Amino acid sequence: MGKSPTQVLVVDDEEDLELLVRQKFRRKIREGEFNFFFAHNGKEALDVLNENPDVHLVLSDINMPVMDGLTLLNELAAKDRDVQAVMVSAYGDMKNIRTAMNRGAFDFLTKPIDFNDFETTIEKSIRHVQSVQAAAEVHDRLVAVKQELDMARNVQTSFEPNPLPASDHYDVKALIIPAREVGGDLYDFFFLDESHLGLVIADVSGKGVPAALFATVTQALLRAVRLKDYLAPGNCLTIVNDLLCENNPTCVFTTLFFGVLDLQTGDFKYANAGHNLPRVVKTNAEIEVVPKTGNIVLGVQPGHKYRTGEIQLTPGDTLFLYTDGVTEAQDNQNMEFTESRLDERLAKLSGASSELVVTNVVDAVHEFVGDAVQSDDITCLSVRFLAPLTVHPS
Amino acid sequence: MEEKAKLSVEAEQSDKATILIVTGRVDGSSVGILESAVQEQINAGNKTLVFDFKELSYISSAGLRALLIAARLTQKEGGKALFCALADHIAEIFEISGFNEILDVRATRADALEAV
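Respectively, the protein sequence lines represent chains A and B.
Just so it is clear: in the first sequence, position 319 is 319 by the numbering used here, and no numbers are missing.
Just so it is clear: in the second sequence, position 96 is 96 by the numbering used here, and no numbers are missing.
In case anyone wonders, no lab produced these hints; they're calculated from the structure.
One thing to keep in mind: the hints can contain errors.
Label pairs and their calculated CB-CB ranges [stated by the list, open to error]:
| # | chain 1 | residue 1 | chain 2 | residue 2 | range |
| --- | --- | --- | --- | --- | --- |
| 1 | A | Ser195 | B | Lys76 | 48 to 54 angstroms |
| 2 | A | Asp267 | B | Asp111 | 40 to 46 angstroms |
| 3 | A | Ser158 | B | Ala87 | 27 to 33 angstroms |
What you are looking at is a predicted structure, and each value in this text was computed from that prediction instead of being measured.
Note that CB positions come from ideal geometry on N, CA and C, so glycine has one too.
Please take these sequences and the hints and turn them into a complete structure.
Quick look at the structure:
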């Protein structure tokens, strides 16, 4: 592995350790495998360490003037310096050796020194130093990867829509709980003109960064084409699907639901690319499932024509869109939350604010799964149609 | 994870096709098992694959993607992939996602082998 010599600091107020080391390791020193530094007490040792950051192994006597070996151990621990210490003490000085071990020494040697044990201990300590260093490097790399994932998450979050202003006509709230730092779920909402509110929810196959990238591309494409034909959302999805299919060798796909609510009339037009069917929570607590359109996920079949469905909302109705992270959330026995539990919960939320609907559903899912690990993103989007809007021609 | 293997794929040769019996859950963490089982058959020159899903308990979107890739791979080799014996809740996932339109789904293994 390392071409550069292993740096070791030897601390002893008498010459015997230094002599032993120079003699025992003379070949390895000559061959550039080891490089030794020598100090005569703890204080000198700290100075050497300060000047030589590459020293990660210290071999130290315990009884020394100015600063003894046990104090040196304390100083090393306080410095948070990445150094392993092997203590050398008289045979039978078990009390000091115990203290040294308790202060974090890696190992100890007893005087008179057994040459073979000496060499074995040094080699074992160096292997330990190397594995600690390797672990630290892996840790640093993981921290860097984590930072990049956080940045990716920030980019993804920056595409999330801004909250809509409070209104007497509608009430919109979304909640996304990613299973990892970045996820494949997305939601979006936006005004297409002064009375048409667009709603999007999607779930990309797979997880992590690749899914998040595909989600972001899909969202951007839909935003770009949404104004083309928003009174027929199916036509928008037909265009987005063709664009996604143009270059998709890895067969990533996304389910997506795109709906447009006319706030003047309560008319809701939508298209569905293989996504879980949204619910309408009626004011009488009945749950209606938005009818199927029979279309497939986005990104796999070029030329596929997406149909536009249509339903009528009445004031007080809530539209609830969700991803399968809700209904397929599992508890420790691998039981799923299921659509029937979702519908049961939604029925209790008839007439509630969208904020309450999404938080309450997520709470119900969390309650159900208990301490089981969340394996998929959980996303909810709730839209309550409060009262028809009148648009005055200007 | 004290959990035992949650997915197994067993291959059975018939004179017309290779039958892959998929048992357990296909999700993001187990999909690799299915992908390599498919790749192994393709590498061995078996380009007609019948997936028997009688014992498939769950499939996530990552699993569906693997099926799509299997269909593409077999097609590229001049063969095909068929999927049969779906439990009701799996059939529902196929229907909602529209996969029953893109993939060749048959009711039983016998139906699938006949369609080869």
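When the structure is checked against the list of hints, which entries are broken? Sort them ascending. 3
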